[in-house]
Structure formats: C-alpha cells, structure tokens
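Engineer: Each chain is listed here by its residues.
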Amino acid sequence: MARLDPALAEWVLDETRRCGATAAEVLCVSGESLEAGVRLGEIEKLKSSRERRLGIRVFADKSSATASTAEFDREALKAFIADSVRLARLTAPDPFSGLPDPALHPRHLTELELTDDEHGIIGADRALDIARRAEQTALKLDPRIKNSEGAGFDSGRYEILFANSQGFAGGYEGTSYSLGVAPIAESDGAMQQGYWYTTSRRFDGLDEPEAVGRISAERALQRLGARKVKTVRAPVIFEPERAASLIRALARAASGPSLYKGASFLIDRLGSQVAAPNVTIIDDGTIRGGLGSKPFDGEGLPTSRKAIVEAGVLKTYLLDSYSARKLKLSPTGNASRSVGDAPTVSSANLYLEPGRYSPEEIIGSVREGLYVTELIGFGVNSVTGDYSRGASGIWIENGALTHPVQEITIAGNLKAMFMAIEMIGNDLVWRSSTASPTIKIAEMTIAGA
Amino acid sequence: MTNELVRPEKFFANRFGMSDSVFERIIGSALERRADYVDLYFEYRDAEGISLEESIVKHTSKSISQGVGVRVCAEDRTGYAYSDEVTIDRMRLAAKAARVIADQRGERAAAVRIGEPVAQHALYELESTPLEVPLEERARLLSEIDRTAREFDPRVVNVMASFAAERKIVMIVNSDGQVAADLQPLCRLNVTVIADDGKSRQVGSHGGGGRVEYRHFIESERWREFTLKAARQAIINLDAVDAPAGEMVVVLGPGWPGILLHEAIGHGLEGDFNRKRTSAFAGRIGEQVASPLCTVVDDGTIANRRGSLNVDDEGTPTSRTVLIEKGVLRGYLQDRLNARLMKMAPTGNGRRESFAHPPMPRMTNTFMLPGESTPEEIIKSVRSGLYAVSFGGGQVDITNGKFVFSASEAYLIEDGKATRPVKGATLIGNGPDVLTRVAMVGNDLELDPGVGTCGKDGQSVPVGVGLPTIRIDGITVGGTRA
Chain A
1 MARLDPALAE WVLDETRRCG ATAAEVLCVS GESLEAGVRL GEIEKLKSSR ERRLGIRVFA
61 DKSSATASTA EFDREALKAF IADSVRLARL TAPDPFSGLP DPALHPRHLT ELELTDDEHG
121 IIGADRALDI ARRAEQTALK LDPRIKNSEG AGFDSGRYEI LFANSQGFAG GYEGTSYSLG
181 VAPIAESDGA MQQGYWYTTS RRFDGLDEPE AVGRISAERA LQRLGARKVK TVRAPVIFEP
241 ERAASLIRAL ARAASGPSLY KGASFLIDRL GSQVAAPNVT IIDDGTIRGG LGSKPFDGEG
301 LPTSRKAIVE AGVLKTYLLD SYSARKLKLS PTGNASRSVG DAPTVSSANL YLEPGRYSPE
361 EIIGSVREGL YVTELIGFGV NSVTGDYSRG ASGIWIENGA LTHPVQEITI AGNLKAMFMA
421 IEMIGNDLVW RSSTASPTIK IAEMTIAGA
Chain B
1 MTNELVRPEK FFANRFGMSD SVFERIIGSA LERRADYVDL YFEYRDAEGI SLEESIVKHT
61 SKSISQGVGV RVCAEDRTGY AYSDEVTIDR MRLAAKAARV IADQRGERAA AVRIGEPVAQ
121 HALYELESTP LEVPLEERAR LLSEIDRTAR EFDPRVVNVM ASFAAERKIV MIVNSDGQVA
181 ADLQPLCRLN VTVIADDGKS RQVGSHGGGG RVEYRHFIES ERWREFTLKA ARQAIINLDA
241 VDAPAGEMVV VLGPGWPGIL LHEAIGHGLE GDFNRKRTSA FAGRIGEQVA SPLCTVVDDG
301 TIANRRGSLN VDDEGTPTSR TVLIEKGVLR GYLQDRLNAR LMKMAPTGNG RRESFAHPPM
361 PRMTNTFMLP GESTPEEIIK SVRSGLYAVS FGGGQVDITN GKFVFSASEA YLIEDGKATR
421 PVKGATLIGN GPDVLTRVAM VGNDLELDPG VGTCGKDGQS VPVGVGLPTI RIDGITVGGT
481 RA
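Sequence lines, in order, name chains A and B. For the first sequence, the residue numbers in our numbering are 1 to 449. For the second sequence, the residue numbers in our numbering are 1 to 482.
Mixed in with the good hints, there may be bad ones.
Said to hold, decoys possible - When the alpha-carbon atoms are kept at most 30 angstroms apart in a straight line, the in silico DSS-like pairs for lysine-lysine are as follows:
1) A:62 with A:45
2) B:326 with A:228
3) A:78 with B:96
4) B:343 with A:228
5) B:456 with A:146
6) B:417 with A:45
7) B:417 with A:328
8) A:315 with B:417
9) B:456 with B:96
10) A:230 with A:62
11) A:306 with A:261
12) B:199 with A:415
13) A:45 with B:343
14) A:415 with A:315
15) B:343 with A:78
16) B:343 with B:417
17) A:45 with B:96
18) B:343 with A:146
19) B:380 with A:230
20) B:10 with A:261
21) B:199 with B:417
22) A:140 with B:417
23) A:261 with A:328
24) A:230 with B:343
25) A:326 with B:199
26) B:199 with B:326
27) B:168 with A:45
28) B:96 with B:343
What the hints assert, rightly or not - Under 8 angstroms between C-beta atoms, here's a sample of chain B residues computed to sit facing chain A:
29) 19
30) 61
31) 327
32) 328
33) 395
Unchecked claim - Now the stretches of chain A that chain B is said to cover, found in silico as 3 or more residues with beta-carbon under 8 angstroms:
34) 138-144
35) 334-347
These are computed hints drawn from the structure, not numbers from a lab. Think of the CB as a built atom: it goes at the ideal place given N, C-alpha and C, for glycine as much as any other residue.
With the rest of the complex left out, here is chain A (with noise of 0.2 angstroms):
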C-alpha cells in the first residue's frame, strides 16, 4: 500500500492559507483490497483494488468548500486548492461553519486494536478456498440446496490521515475481513435464496467458513413453501439482523443534522421518554476491534461511549460541531467524513444493550404474530417515523413458528414502536457496527392477502 505521507498533509493546508483560506482540514485515504468469489466451487471473481484519495474542507472565514481529487501532482494539487478556496467564497457566510474548538482534540490517541498481523490482505489461492468451504457446506447440507449466487472472501486495509490548520494532526489505520454466502434452496418450482455472513477487522475474529455456509444454507430452506397470510394487527419479532436496522432508524432520527433540519421524529424530544423503560441504546466508538471504532471522529475530536436512550429516555443526540452549534449543544464526537463531502452525523459501534430472554422464550410469548427475517424496501420515513417495510419470516402460532411467510408488509410509526418494545433478548452478536439482541413489538399492522 502507497504509504502516506505527513509531509503532504502539512504542504496542502501551507497552500490552502497561501490561497487565502483562513482555515482548512486535509483528509488523505488509501486503501487496498482483494475480493474472491467463487460459485458452485469454481473460481468466478477476483477483484483486486487500491485506491487513494485527498480531500480537503477550506474556510473563507464563515463560507466553506469541500473539494476531493486523485491527482496527486504537486502542480495539479496547487491548481486545485485554488480552485477549491474560490469555491468557498462564492458559498455564503454561514455563522455556526468553522472547526471545532481546539480545546477539543485529543492530546494523545488511544490504541483501539484497528489492525491484526495478517495486515489486511489474504492471498487469492487462500481466500478462494475459504470461500469454497463455506458454499460447499452449504451446498452439501440438503439436497434441496440446489444453485447458489456463490460466496465471497473480501479482505482490506486502509490508512487514514487528517490533519487541520489549528494544529491538529493523526493518523490510523485498519483492516478488515468478511466472508458471505448466498445459497438457493428449490422445492415445487420455486426457488429462495439465503444469506449469512460473518465480518471482522482480525482474521482469527471470523466466524468458521463451515458454520456461515451451514446458517446460509438453512436460512434459505426455512424459507421454502412460503406463502401469504390475512392482513391482521399483531405482535412482530425481530430476529437480531432485522432488529440492528430498526435502532440504525432511530440513530439516525437522533443525528444532528436531521435535527436542525427539522427532518426528525425527535425534534424537542431530549429527556423524554421516546421508548420502553427496558430500552438502552448505546453508541461506543473506542471499543477495541470494534467494525465502527476510530481514534478521532472526521473533525479530528474524540470518539466516545454514550447512551442514546437510556431505560428509555432519549439522552444524547450524535452530533458534529456544526450540528451542535446550531442546536446550542457539545458534539459527540460522531461527525463522519468521506473524501469528498463535508462533514456528516454517523454512529460508530451501535447497539441495544441486551436483555433476559432468549430468543426461545420471546418466541414462546406470542399466541400468534411474525418472526422477522427478511425485509426489503425503504419506507421508513424520518420525518414524520412512518415505517411500511416489506418483510418475510416464520408465522408463530401458539408460541411455536409454524410456516415461513412472505409477500407482506409490516407497517407502524417508530415512535409508537420503540414505546411498545415488550421484550429483548439476551442475544447480542456484533455483526457489523450495528447490532441488536432479538426484540419484540407488541403490535404492528401486518399487510398480506
């Protein structure tokens, strides 16, 4: 990987001021990949990429640009920072624009275990077999188990360096790994497809290649011989994959910028109860090996462990400086950078904290409802918390799952959702930076024949 250099860094923002810029941040980002794909045993991709990217953000005092390029030649960067800050003045003066106060950046950075030694990169030949072990488990588990979309090893590394003209500078870097597959079970002429999938920044943190397959596989079979039910009210499991996109919903409802824009259902909502007392939802950007975690956030402030919603009460937004100028509030530590665009809200480690029940259990206390396994679509509105999904899963009837349904929609609004979450499970996985245990909402419209 093309190391980058902190010289560069220090040279663009001496530009940015020579441009006339009165303040500015430099991002710098290079990565490099190799994706493996094999289908029905054989090899059927192999992608490998590297990539590395300059992003700059300039101020003219209160007006600002956000500018990104490849070209890393000196003259064509002079050209382009120049470019960059006439953009800015043409934006117009905003008060609440700026860094953040530089009391703010973190004097030291923390460790957080972003890395492992096999530095991000499996050879083909080794991530073509791991990927064949995992499909062929699945194809192997039931006959029924007929064709397949194939499955993928991905491994990757990046390095990260931000840097700013009051003086803050840092760096990181991370690896990652994951491993999908997608097998598809046939029975009477109709096909269906299942997917699992394990992800983590240490290679010896992935779930074995035979268990993916083995879940990949079974999720497609228990979704054989489905088939609609009658529209009815009733309660709604999430199983834990299902349930990390409802909290995502909520986090992103309680982000900064959806806030002043008057785009949120928690609007005014701070310190009040916005769902069940059994609810805690906590953001924790430092937590060691974690898929979200980051020593500093895209402002160059440090990322930290919150509760969001606390035995139900809504304590914290995510919030930039910006955002938090704008609402009179502190940031969070949550503001997110790509390359190219300015700053934005985003969780880093996301999750519903556990409760009691196993999954068995939560499933057991249903006389009749739907047990969540897929959903598709994207109706979930913000604004207003209206959510209308279409959905596919295990019909319960008397505590027990029965068939496997599919063609219908699951309709409610958040904010009555959150506040009628029953029960949690004790089953808390980290798959992604999201997560959830298993939850259960009292009622939802179900939409069928």
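Fit chain B to the known structure of chain A by using the hints.
Structural biologist: Using the frame of chain A, we list chain B on its own:
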C-alpha cells in the same frame, strides 16, 4: 469547454500519454494466459455540487476522479484490477493481477491490433454542460427555489435544494481491437420541502435532470414545477390519513411510478441472473407473464435522458430491447460476458459505476408503452382502491420475485374519485405475476423527470423509468389501517 474535452478519444492520449501501441502491449500482457476477452476502461470525471438549506447556500463541493480498470474474462470467470494512477506501470501491474483467473495452459493469444472507434449514437451533443454555467448562477437558482417554496404556503418551514453536475470522459479498448470513447454529461436538481402545521410535520420531494444543458431547468420553468410539486406534496401530506392495509385495486400515475417495472420486471431479466438461473424469470422466455395490454421496453437510446448512453461501459452501442411484448416475455438485458455464455447478442446494457468496478447487465430507461384508456376513465372505473402518484425507492428479491416500492404521495379512490390523501406506504407484489393483473393501460405515457439511481451488488448507476397510468387489480398495500 476545452478542445481536449470535445474529442474524448484524444483525451487520454493527451493527458496520460496513452497510445494504440500501449493498449496493444497491455492487452497482450493481460491475454498471456488463456483468456476469452480483455478490456481496459479509462475514466476521468469531474463533478460539482451545490446545496442550500435554511435559505443559505451552505455547501459547495468539487471532485476529480480518474483511473483505469483492467478486466480479463475466461469462460465465466472475471479478473479485475484497477488503479487511480493512469500510468503504463500501474496498468501492467493491474493486467498481471487480473489475468490470474485465466488458466496457465494454452497457447499465447494472437497479437491485438487496435482498430477504428466503433460507430455510436450522438444522444447528448451539448453546447455546454451545467459545469460551465457560473456557480453564482446555480446558487441564485437555489435561492429562488427556496423563496418560491416558502411563498407557496406559510406552513413550509424548511427547504433543501441541491444541484449536482458532472462530466465523465470514458474510453474502452478491448481485445477485439475495438475502441469507443464518450463524453457523458449528467446533472440533477433536487428539492425537498418540510412543512409543519403545529400538529404534524411532513416532507415532500421532487427533482429532475438528465444529460442536458442548464437551460433545461430554466426553459418552461422546470425548476418552478419541481419546487411546487415538492411543496404541494409536503402540504398535502399534512392532512394525510392512515394508509389502508391489505390487497386492493391500485392505480399508478404516469412517470416515476414506472419504478414498478424496474423492480418487478427489469432486474429479473438481467442476463447474469438468468444465465445462473437464480432469477424467478429464468427459462420463461416466450411465456405469458403479463396481461396482453403490457409491452415493456428498455431503451438506452433516448436523447438527453438520465439512463441513456451512446455506448455502454463495454463500448457496445446502446439499443432498445423489448422485454415484454403484449404480455409475452421476449428478452434479457445483456452485457458481453453473459451474452457470450448464453450465446445471445449483447444489448448494450453492460454498465459500471466507475473504473473501480467490473461491468454487469443493468437497465437504462425502462418503461411501458401507452395503451388506449384515458387516465380519467381508469380512476373512474375503480369503486374502492388506492391512487399512487409519487414514489420513493424500491427493491426486489431476484430469486423469489418479490418486490416492493414505496409510495410517498397517494390518495384513496372512493366511488371512482380520488379523495383523501393517505400516508406513505410500501406496496409489495410478485414480479412474475403482478403485470398479469393489469386491467387498464393509459394513453398518457410519461418518462420520469430524471432522478433515478439504481443499486446492484454495491454499484450505483443512473437510470430512467416510465409508465402510463395503469390499473392493477390486486396488489398488497402496506398501510397501518387493517
């Protein structure tokens, strides 16, 4: 516009010192093992964005990206490697990485000779792109939009408007010696309005664009139409009642509701899923999958449309492909790899997000041809149902055929009249049979205003959709009112 931009095929030669002999050497190296096909994809893209919120033009952004991707295909295997440094050394490394998928054995391939550029369409010969319009002018337009939306109704509390424009120069060179180059302009104006009446808070959005000049938005005041549609939608939704739940008759309005076709039909007919037989449509060519009223096409050759291209991202000229003809399934959308393996002809649907991605079969502009009914007749024919005129996104499960799309503006139909507005709701159906329930097709075909972006396997590409007003006798509406 500078001269080097006017002739895209000269651009990479001038800027990075590329030449036919370089291409021949790199492709030759990529072909060193037994491969069927090799291509190089060069890309240079510059883009600018400007956005307004709270009546202030707060953000401007600019990005320049460039790179080259080397692809090697051998049977159904693909090797891909790319670099954002366009140099001969980097390309040689990429060729070495990409050819790993080909077998070691076999003869050295015959030398590649680069020929003349392929014949291609001229669908967006612009005098200038919006990037050449002074940014101040684009900023003034956003302020005018803000003022217009706020004047429309005092309940409008915030307006977010953005204008994005890009210019992409691409060149594709392949092992058949073909060369294609294209300059692809693209822009989009978006307006989102938030309204609040003290009791409820709602959102409305509209926008449009394409491979067009800036005056597209100014002529006939399109910007005002977008603004008023967004504002009206937010205001109307303030009085929306809960949407119904269950299976019912649904009338879709013209234009963007064509996202139905994109999700229900289009993805399932992409060549890759059909070659692998993982699509619910696999092996069903020639079968009746829709009512005889339905003819659906994918057409990449419509001038200035967002989903149109002179050549696809493999250098094949785009075309008009009939997917469903009078209800019968006719064709697939193909890139070169899948066309070759299925022994069919490529249809000009090989597309990719950027040099960092290998191409796949993707849609361009997908729409249904008009029928005989007037939209008024169609609504009048429904005793009880839903009339949906505006949609957000959609998604499909290719393998079981189930798809969703989410209405953002819809009305109840009561006794042949569109009445009360209802809250947004997701509609869910089954791709291979939803169109068999189409009972009426309107004479009012509209293409969408130019806002669509389609995601597949992590790659986003601009697309278009279109639909006349249609009546579907039975699709599940996911409201809350059971």
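Engineer: Provide an ascending list of the numbers of those earlier hints which the structure does not satisfy.
Structural biologist: The structure conflicts with hints 1, 3, 4, 6, 7, 8, 10, 15, 16, 20, 22, 24, 26, 29, 31, 32 and 34, although it agrees with all the remaining ones.
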